[in-house]
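Participant: What follows is the residue order along each chain.
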Amino acid sequence: MSQKQRVGVTTYLFFIPAILCVLAILLYPVGKTIYLSFTDSEGLLPPVFIGFDNYQNFINDPVLRATLTNVLIWTIATLVLPVFIGLLIANVVSGVKGSAVYRMIFLLPYVLSGVAVGALWFNIFETEGLLNSFLVSVGLESWVNSWLLYYPQNTLSMIIAATWASTGLVVVLFTVGIQNVPLQTVEAATLDGANSWVLFWKIIWPQLKYIRAVVIGTALANSLRTFDIVWVMTGGGPSRTSETLAVTMYREAFLLNRYGYGSAIAVFLMILVTTISILALRGGLKKEATL
Amino acid sequence: MKLANKKMAVLTAASLVISSAVATGAISSANAATKVLNFYHDKNGWDVRFNAVSVGLKDGIGVTLKPSTYADTTLYQNTLNQATKTGKGPDLLTWWSGYRMVDGAKGGMFADISDVWRDAIAKGDVSKDLQKQFMVGNKTYAIPNGVSYWPMFYNKKKFAEWGLKVPTTWAEFEAVCAAIKAKGVTPLTASVDGAWPSFIWFEQLLISQDPKLYLDLTSNKIKYTDPKVVEVFNIWKGMIDKGWFTPGDTSFFGEEAVKLINKGTMIPVGTWNNSAFSDTGGLVGGKDYDAFVIPNINPALKTQSIIVEAGAIGALAKGKNLATSKKALREWLKFPVQAIWADASGDGVPNPKVPVADPVIKGLSKYVATNKVNQIQRYWESGPVPLIEGGVVILGAFMLGNKTVAQTTTELAALADKEWAAWTKKYGK
Amino acid sequence: MKKDSLLKHSVLVILSLIWLSPIYLLFVNAFANVETWESNFDWSLKGWDPIANFQQAWSVADLSPGLKSNFFYGILGAGLSVFFASLAAFSIVALNPKNKSLWFWVIYGVNLVPYQMLLLPLFESFASTGLYDTRWGLLLVYVAIAIPFAFFLSRNHMLSISKEVVEASQLDGANKIQTYFKIFLPLSWSALGAAFLFQFTWIWNDLVFGLTLTTSAEIRPLMSTISGLVGQYQSIKMPIVLCATLIASLPTAFLYIVGQKLFVAGLKAGS
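Residue numbers (our numbering), protein chains in the order written: chain A, 1 to 291; chain B, 1001 to 1429; chain C, 2001 to 2271.
If you are wondering where the hints come from, they were derived from the structure by calculation, not from laboratory data. Because the structure is a prediction, the values reported are computed rather than measured. Heads up, a few of these hints could be off.
[Unchecked claim] In the DSS-like style, the derived pairs of lysine-lysine whose C-alpha atoms are separated by at most 27 Å in a straight line are:
1. B:K1128 x B:K1366
2. B:K1106 x A:K32
3. B:K1088 x A:K32
4. A:K32 x B:K1426
5. C:K2068 x A:K209
The task is simple: from the sequences and hints, build the whole structure.
Facilitator: Below is the structure:
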């Protein structure tokens, strides 16, 4: 009884609900955006076809270099920092009693809304805010700075806020992964004389393959689309130095009503995210059994 | 006989029921005649005021408003652009005047309400002077949503405590700033929070130097690199270097403004923020705080100038209830509704017949009228949108010390060239 | 070993304190006495008034319709998306359709689209099809956007269900639907629960789609209502706003605490 024989119409019926939903909200928007990216469409005026002009202007835009640099910084930061810090914390948490409580503590920021996170950290980092008053109170007045007003410290400040909000999830995921490594494997390795470093890299790390894929998959998709925190805390400023690609797109399309140009940036961003996601996930995805 | 009585009873009861039903029906159909207009706005926090206006409209012409708040201004504007394109949207909407209306007027967002203005001016409900900023071509597209001045708000009690007087010359103004600074308080607010506030001091210093300079600059008759403009930038730089301004991430309206004014800082902000001082802050106008018109830098000028901001309320051209919407706009300008607005907003209103209740606004309006102070449109409404949006970013960088005066003016000039060219291409002159 | 444990605990305690300090800030300032509020976030507990602030936040911010809407969107949105995603994942994993990669990327692909790009065209199509400012319209958007990640999680988990189990059920004469409901669904329960939690949180905290695609108070989700509490023309004091934010965060926090076991089990079984 070959599997192949049993593949019938019903197999594909299982996809229908998901595909329908996805197509319903994606087809028109993505199609329209791609169409608009080849036009000069501003505000209420009808779109005028201009070929690849938008893409060309985008590549020549001086802000582009800064924007792409920020995207790179944000991607590395929101990928590496939560994963690295999360892994470190998870390593410690998984080895103690009451790990469930610690997991909850680190997860709390994740359940807060973006509005709350932005408002909190704005009040911490603003010039008249809590970080500066804290520094003054411990005698570190020389460290006082306008954290949100100048580049690159404003990007760094926002990365701190973003890391705080998202690391908790990574901690939980990795803690579960680490605690799931079979006890016998760990004990056997320890008996073989493996120190904790070797234990981690040679035994535990490979076992985290699945969790890693989940973590990286989410972190990637989110980091490349970094928008909320940047918009709330600095608006991409000052002078657009802390802008990320998503912010640039929002600014052109929404603020300046240059829908054609904004759409070109959106398409660019989409291609970028897709490429990187395919590259990163291909390694970590489990393959279905092939026959 | 009994049967006949019974029939009579039933008939009487029935007729009672029917007649009361008819009566109720009549009442409810009278109520049903109250038309509801959908009203979109981005002034979240003002629903209370708009509901008060709605009551006034109901009494006047049997129309009520159903306000919908859009907290995010950018999304609001885009939602309305889409509504204009699809024809599905509100009946009435808030917007901005001046250049910010042009896209909407030419793009079919707003209905032509020149007739509303004709009637209102004729009946003295609004001054003809206000009309220009709501016109595109020779048609008018919106009514004013309050008229706000941008004076300097100050702490009267602190002034008395520190022995300071309201300045009448620039030299006196500088002395006041220096004195406040000496007391350990930052004298003036300035901000780049949200990007837009950077034009506040830009426009203020320009009109204090020479209102004609400002008007020429914003109508592209002179360039940003003009020596007279550069001179103003240098004056501004001088003030920045003396540490007279609050840090760029300061918020200067609402409860933040109250905090700042209580310290003694002077705040240049629109009079729409007046209610924050009086209601939120519990300060008494004329006693705890007041406002003055900023003195001219150039002593040779004969009159002072003040920035004016007038928001707009328009009717969606493709709105289903256009006729009713226009009636509502006309009614909005009449005395009863205007009086409600004056009371609810604590700000100035377009209808000159409405007496101003708030002491600070009253004093300011009187000063402006008596001294024939020039009323100049805000920078925000005084140029093609991309120029203004890009301009405030450059001005913000200047304020933070990231660009020199030369860099700032050069970049602004280049941006102006680019955007005015695009504007001309789009709309002719 | 004991010393090691003590060291680990100390590190964790210190780290937790630093980690929680912004949340401490949130609580302290959310409960600060509104009368003496000085527009400055503070560390110290001046004037503790949680009940009054909660009451004010509830009435002033009018959170009731938003909360009701959020439960609707969260439960239905996360529930439906996880269900649809699991159906698709089941097919890809157990039923051997053609072009598996294609199906995977089409469904996962929604995750890769910058969501701002969707906003205006969605508004346009919603306005012309009458879905604008409707519960079902917004729900559809939430379900569609929540599917990819739920799909990702379900698929990864279902791959661990052994081939023998599948083949045994087929030998028993079970058709595909029965296999799904009787075998895969029960075995994936915890993974689907984890996916539900993730997506519920995302939908609960959404701001932009709510702002763009709805406008009435009864249809609008909670975060849109809350974002309307701050701004240039607003005069609500910060502690009340923070209190409203706290109220809005309670359900998700509660859900995670209660659902932790499920969450953990769901992720464990997949690795």
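Participant: Each hint: holds or not?
Facilitator: Consistency of the hints with the structure:
no. : hint              : in the structure
1   : B:K1128 x B:K1366 : holds (19 Å)
2   : B:K1106 x A:K32   : holds (24 Å)
3   : B:K1088 x A:K32   : holds (19 Å)
4   : A:K32 x B:K1426   : holds (23 Å)
5   : C:K2068 x A:K209  : violated (40 Å)
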